[in-house]
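Peer 1: Letter by letter, the chains look like this.
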Amino acid sequence: MPCSDGTGSEGMLSKDTQEILMQAEALELWRGERCLFRDLSIELPEETVLHVSGPNGCGKTSLLRVLCGLSEPEKGEIRWRGRSIRNDREDYQQAFAWMGHLNGFKADLSARENLAFSVSLRRKTDNEVRNNILDQVGLTSAADLPCRVLSAGQKRRLSLATIMLSAARLWILDEPFTNLDAKGRDMITGLLNSHCASGGTAIVAAHQELGVEQRYLQHLEMEDKS
Amino acid sequence: MWKSFHQFASPPHFYRLAGYLIPWFGVAALILILVGTYGGLVLAPADYQQGDGFRIIYVHVPSATMSLAAYTLMATAAGIGLIWRIKLAHAVAAAAAPIGASFTFLALATGSLWGKPMWGTWWAWDARLTSELILLFLFLGYMSLRAANDDTGKADRASGLLAVVGVVNVPIIHYSVEWWNSLHQGATIIKLGEPAITGDMLWPLLTMMVGFGCYFATVLMIRARSQVLQRERNSRWLKDL
Amino acid sequence: MSGPLSGFGVVLARDLRLAFRRPGEMANPLLFFILITAIFPLGLSPEPELLRAVAPGILWGAALLSSLLALDLLFGSDYEDGSLEQLVLSGHSLPVLVLAKTTAHWVVSALPLVVVAPLLASALYLPQEAWGTLMLGLLIGTPTLSLLGAMGAALTTGLGTGSALLSLLVLPLATPILIFGARGVDLAAQGMDPVGPLYLLAAILFLALSLLPLAIAAAVRISLD
Chain P
1 MPCSDGTGSE GMLSKDTQEI LMQAEALELW RGERCLFRDL SIELPEETVL
51 HVSGPNGCGK TSLLRVLCGL SEPEKGEIRW RGRSIRNDRE DYQQAFAWMG
101 HLNGFKADLS ARENLAFSVS LRRKTDNEVR NNILDQVGLT SAADLPCRVL
151 SAGQKRRLSL ATIMLSAARL WILDEPFTNL DAKGRDMITG LLNSHCASGG
201 TAIVAAHQEL GVEQRYLQHL EMEDKS
Chain X
1001 MWKSFHQFAS PPHFYRLAGY LIPWFGVAAL ILILVGTYGG LVLAPADYQQ
1051 GDGFRIIYVH VPSATMSLAA YTLMATAAGI GLIWRIKLAH AVAAAAAPIG
1101 ASFTFLALAT GSLWGKPMWG TWWAWDARLT SELILLFLFL GYMSLRAAND
1151 DTGKADRASG LLAVVGVVNV PIIHYSVEWW NSLHQGATII KLGEPAITGD
1201 MLWPLLTMMV GFGCYFATVL MIRARSQVLQ RERNSRWLKD L
Chain H
2001 MSGPLSGFGV VLARDLRLAF RRPGEMANPL LFFILITAIF PLGLSPEPEL
2051 LRAVAPGILW GAALLSSLLA LDLLFGSDYE DGSLEQLVLS GHSLPVLVLA
2101 KTTAHWVVSA LPLVVVAPLL ASALYLPQEA WGTLMLGLLI GTPTLSLLGA
2151 MGAALTTGLG TGSALLSLLV LPLATPILIF GARGVDLAAQ GMDPVGPLYL
2201 LAAILFLALS LLPLAIAAAV RISLD
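Chains as they are written, first to last, in the working numbering: chain P, 1 to 226; chain X, 1001 to 1241; chain H, 2001 to 2225.
Extracted from the complex, chain P is given alone in its bound form (with noise of 0.2 angstroms):
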């Protein structure tokens, strides 16, 4: 079947002075009879948000899970720092926080212990720093509920403190902005405006526009292969 290539070098502005963070090449992934994508290749610079966008079923969930690492791609390499991820996982894995359709907290447990556990798994943080984030997100008078009897939005936001609270210096985020209301989408837009800042990148799919500062933002526009 016909398969075109990706489109992931357009779009790309020259940033000489900045280091380049991660790169994809010439990625090619199948699911069953279907090519998602072929020949794709990505560049990521510091201080860069690439927003990752397309139709439904056009393969940004897979391509996210491609360059996590969670899926492995027919044909390419992903490296990191000039590392292949593939001879470098745990290091490559230390260096990004990702936030897939699924948020990843167990529902018996409350927010509180659900934040303490994901971050303990990277890094130690006390009490005081976790309550601080609890607060940004707004989660303060949730934190001790279990997490089963949170709305969706809640989640998401005790989501994206784990996100916070990682240290990552690359984000990966599926879908963030899904079930979250006009102050958490805001939310989302400054917390990727000020990772930028601060020497981050971040690769996002959404349907919707970001509404990050221009001069972090690249697209990567994907085609609907079916």
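No lab work stands behind these hints, which were simulated from the structure alone. Be a bit skeptical, because a hint or two may be false.
Not everything, but these chain H residues come out facing chain X in the computed CB check (under 7 angstroms) [stated by the list, open to error]: (1) L2155; (2) L2168; (3) P2176.
In the BS3-like style, the derived pairs of lysine-lysine whose C-alpha atoms are separated by at most 30 angstroms in a straight line are [said to hold, decoys possible]: (4) X:K1116 - X:K1239; (5) X:K1239 - P:K75; (6) X:K1087 - X:K1154; (7) X:K1087 - X:K1239; (8) P:K75 - X:K1087; (9) P:K75 - X:K1154.
Note that the Cβ used here is the ideal one computed from N, Cα and C, for glycine as well.
Dock chains X and H against chain P, hints included.
Peer 2: Frame of chain P; chains X and H shown alone:
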């Protein structure tokens, strides 16, 4: 060396090579099995204890050997596929499983047929029969896991992992069953094919074993070729064929 | 991050805490173990001689079956709520993390069996000399069962096939444990030295501990692909 290995592992090359080899192995299997059958059923003398009943070993022993060989081959191919990401190796492993399961079933069926006149029962908890039974379940588990995965790539890797773990376990299972059996039944039961065997009984057996081996290779290549066709249905070399 | 084992404690603590939040579910394998053991005298006969003879097989068979019971949740619930992918991407060595999860599963589902085994053994008229062998055998045999079960669980996670396939994958591989475990108890019950099968169980446990976490980790990765 490495390059030629990968070249061999390329689907088009394998497809052509197997297509060339299949008739040769097929004819060899046919001749050897015919000769072995004649030798085993007609030329070989009857066993002084078991009479003509012993002649079933000419099917039983080769199928039991082939069942183990098939499992080892399947696990080796799956291991190669997992380590070096060679899809052809996974195709070979997938092709080998049903053949191996059939050989295992044949070994169990013939063992049971032999058991009726010898032991007076269709099934005895003989060490080898029990090991074969567990082997059958290992094959069935591999095939079910493969069938449960919709995605071929995932099916390859998951079932391949199971085969590799299984092949480490097979000697342990075999040993434990032998030990269990020796503890409980002693040497009262005659073990299949174990009594001293004379030359004119032996050569048909060896012929049958080689014949079964050739037959296995033939069917394996036919099945692997169809696996390759299925997996490569979108590729260019196949459309040029 | 402090050392490759830091993730072990964190995951172990979380899984244990989760298990204790649902004490009802936690008791299931134990109840199942007791029930299976109780079913055999009903089906066979209350004859002490007979029960004494088959007790090692019944107890070990029941332990094997109850070890399969809660397995589909071992990775299944983490898979469904997304915490499995967070674990995989946490930057820790995945074999260590799955070993932590398996350990938690063993503590919750198998350790209680070891404790109540003598009670059931006495109900089946197993002589007292064999109780120690039974407990020791279960103590070193059930971790292997948990590891094999975890591998089966990881291979079937996300397939939606239920526990039938899981049992088909795990039970054939677990036969040596059953054989050595039950035979050890048998030997002890007959007043013979059970140390041989116990050593074999220990050897298999070391083999399983060194190889299976790698296989489980690989299977978890495959399930998320």
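Peer 1: Could you run down the list of hints and mark each one as holding or not?
Peer 2: Hint check results:
1. Contact between L2155 (chain H) and chain X, as hinted, is supported at the beta carbon level, the nearest pair being about 5 angstroms apart and thus within 7 angstroms.
2. Here the hint on L2168 (chain H) is kept, as its CB sits about 5 angstroms from the closest CB of chain X, short of 7 angstroms.
3. Here the hint on P2176 (chain H) is kept, as its CB sits about 4 angstroms from the closest CB of chain X, short of 7 angstroms.
4. For a cut-off of 30 angstroms, the pair hint linking K1116 (chain X) to K1239 (chain X) is broken: about 54 angstroms separates their Cα positions.
5. Proximity of K1239 (chain X) to K75 (chain P) is assessed by CA-CA distance (about 21 angstroms); at most 30 angstroms being required, the pair is judged to hold.
6. Between K1087 (chain X) and K1154 (chain X), the direct Cα distance comes to roughly 12 angstroms. Compliance with the 30 angstroms bound is thereby established for this hinted pair.
7. The straight-line distance between the Cα atoms of K1087 (chain X) and K1239 (chain X) is roughly 19 angstroms, inside the 30 angstroms bound, and the hint therefore holds.
8. The straight-line distance between the Cα atoms of K75 (chain P) and K1087 (chain X) is roughly 13 angstroms, inside the 30 angstroms bound, and the hint therefore holds.
9. Distance restraint check for K75 (chain P) and K1154 (chain X): the Cα-Cα separation of roughly 16 angstroms lies within the 30 angstroms cut-off, and the hinted pair is therefore satisfied.
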